[in-house]
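Assemble the whole structure, with the sequences as input and the hints as a guide.
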Amino acid sequence: MTFCVNNLLPSEILSLIFLTLYEPESTPFPPEEAHELHQHPLMDHMLVCRPWYRVISTTPSLWTTVWIGRRAVDSGENVYTDLWLQKVQERLKRSGNLPLNILVALDHLVNFDVVVDVLIRDAHRWASIHLVHEDPVSRLRFAAQAVEDVERLFSLPMPMLRSLNVARFRSPDGTLNSYTIEVNNPLPSLERLSCTGHLVLPTSAPVLAIVTLTDADMDRLQPPPDPRPPPFASLVEFNIINSSRVLDIFSLLPAPSIRKLVMDSSDDVHDDQPQETLPAFPVFHGLEELQWTDKGGDHRALKHILRKCPNLRRFSNYVHGLEESIDFDMSATTIPPFLTPSRDPESSSSEEFCPDLEEVCFDIVDCAQVDKFLSARPHIKLVRILQDPLADPGVADNSGIQQVLDRMRTKADVIIGRNPKS
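Using our numbering, the letters of the sequence shown map in sequence onto residues -10 to 411.
Honestly, the hints are just simulated from the structure, not real lab data.
A portion of the hints provided could be inaccurate.
[To be verified] Only pairs whose alpha carbons sit at most 27 Å apart, straight line, appear in this in silico DSS-like list of lysine-lysine:
(1) Lys370 - Lys292
(2) Lys292 - Lys361
(3) Lys249 - Lys297
(4) Lys297 - Lys361
(5) Lys361 - Lys400
(6) Lys400 - Lys370
(7) Lys249 - Lys370
(8) Lys297 - Lys370
(9) Lys400 - Lys292
(10) Lys292 - Lys249
[What the hints assert, rightly or not] Label pairs and their calculated CB-CB ranges:
(11) Pro49 - Ile404: 43 to 51 Å
(12) Pro49 - Asp345: 44 to 52 Å
(13) Gly275 - Glu340: 20 to 28 Å
(14) Ile315 - Ser50: 35 to 43 Å
(15) Arg398 - Thr266: 40 to 48 Å
(16) Ser46 - Ala380: 50 to 58 Å
(17) Glu313 - Thr192: 37 to 45 Å
(18) Ser240 - Arg43: 54 to 62 Å
(19) Glu171 - Ala269: 21 to 29 Å
All residues carry an ideal CB built from backbone N, CA and C; glycine is no exception.
Following this line, the structure appears as structure tokens:
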């Protein structure tokens, strides 16, 4: 006897199964991949049989994610035809009144203003909007998007918006500029904000928890003076990636409630600036975790910010999640001397930073330095070292390193590599 799954499972159960496969919430933030507008993620399932096609095509929750701009350049200047508009409008219609996840591939658009005209009709039900670059290699090769169109996009009420990501875009004359864009309408649901090259400032975002600034040039991105409350007042996590004048960001955009700070930069940070002229900003009483990749100069920026983190518990000299990008062929990291407090009461450098520090993570480090660090900070509970000190091919006899590791393990839990079980 032959059984048909359509006879065994009602349409409601099938739609729940398809929803699990659809997973619109699995889109990374910021998004990394694009899908063609005409290629639904469940297209292969829709072609299995008519009942499956009917279930997928009539279930609104399976049409809530819309990519715009994919393969636009293949059709040249006439990409925005009636057929294209019909496809977008059909997908929006099939989503019913549910919240929408909108993803726009900026580098594949010819006329961004046409996209804005289509999208603004449903701004009231945006759950997320991502202006992204589908291909980092080819980005900025195609059309230019006017900042006026971006500002028009964000001038509408967006009561359901939870995630906002704005990538780089060119001005109409083809130049690459940086803009500070104010969103004057309240964003009562906004939780995550990511900006690349630009600065988006919501005037009211009471539940904004995570902000990522990438390639922020603070010489160009000057937030306008305003007596209103700071836009990042409720921030919990602040990520600053490859940006200039990092400490100025804290001064211009105070985030007094942050618990986690990530700073990733390949350049020296403020190391050419006298200590007494570094910008002032409030103490981060709630900051518990700091990931700080700047390893150059005399660490004066790191020293300056650690003075503002009296309750820090976790410190890392690399960004978690980006371990694959670490060059393990470079020389071992030097632990900043001010992180190893002197035990000599008569020492001139008796200032102790982060007295509550419990966990430290290093990418490449000299075990002898870590051993000294643990002796000076007996309250440290965990040390993680990404590169195995015993795997150095340049060391013929590593018995001395093993002895140091054994001694370290009597003082704290020591984990080698990324696997906690190692």
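Comparing the hints with the structure gives:
At roughly 22 Å between alpha-carbon atoms, Lys370 and Lys292 fall within 27 Å of each other, so this suggested pair holds. Between Lys292 and Lys361 the alpha-carbon distance is near 19 Å, which keeps this suggested pair within the 27 Å criterion. With a C-alpha separation of about 13 Å, the suggested pair Lys249 and Lys297 falls inside the 27 Å cut-off, and the hint holds. Among the hinted pairs, Lys297 with Lys361 is consistent with the structure: their alpha-carbon atoms are about 25 Å apart, no more than 27 Å.
A C-alpha spacing of about 11 Å is found between Lys361 and Lys400, which places the hinted pair at or below 27 Å, so the restraint holds. A distance of roughly 8 Å separates the Cα atoms of Lys400 and Lys370; the hinted pair therefore holds under the 27 Å criterion. In summary, the hint linking Lys249 to Lys370 is supported, as the alpha carbons are separated by about 19 Å, within the 27 Å threshold. Under the criterion of a C-alpha separation no larger than 27 Å, the hint pairing Lys297 with Lys370 is consistent with the structure, at around 22 Å.
Our distance criterion of 27 Å between C-alpha atoms is met by Lys400 and Lys292, whose separation comes to about 25 Å. Between the alpha carbons of Lys292 and Lys249 the distance comes to roughly 17 Å, so the proposed pair stays at or under 27 Å and holds. Checked against the hint of 43 to 51 Å, the pair Pro49 and Ile404 passes, with Cβ atoms roughly 47 Å apart. Between Pro49 and Asp345 the beta carbons are some 50 Å apart, a value that agrees with the proposed interval 44 to 52 Å.
Remark: the range hint 20 to 28 Å for Gly275 to Glu340 is upheld by a beta-carbon distance near 22 Å. Between Ile315 and Ser50 the beta carbons are some 40 Å apart, a value that agrees with the proposed interval 35 to 43 Å. About 43 Å separates the C-beta atoms of Arg398 and Thr266, a value consistent with the hinted range of 40 to 48 Å. Between Ser46 and Ala380 the CB atoms are about 55 Å apart, so this pair conforms to the stated range of 50 to 58 Å.
For Glu313 paired with Thr192, a C-beta distance near 38 Å keeps the hint of 37 to 45 Å intact. For the pair Ser240 and Arg43, the beta carbons lie near 58 Å from each other, so the given range of 54 to 62 Å is met. For Glu171 paired with Ala269, a C-beta distance near 25 Å keeps the hint of 21 to 29 Å intact.
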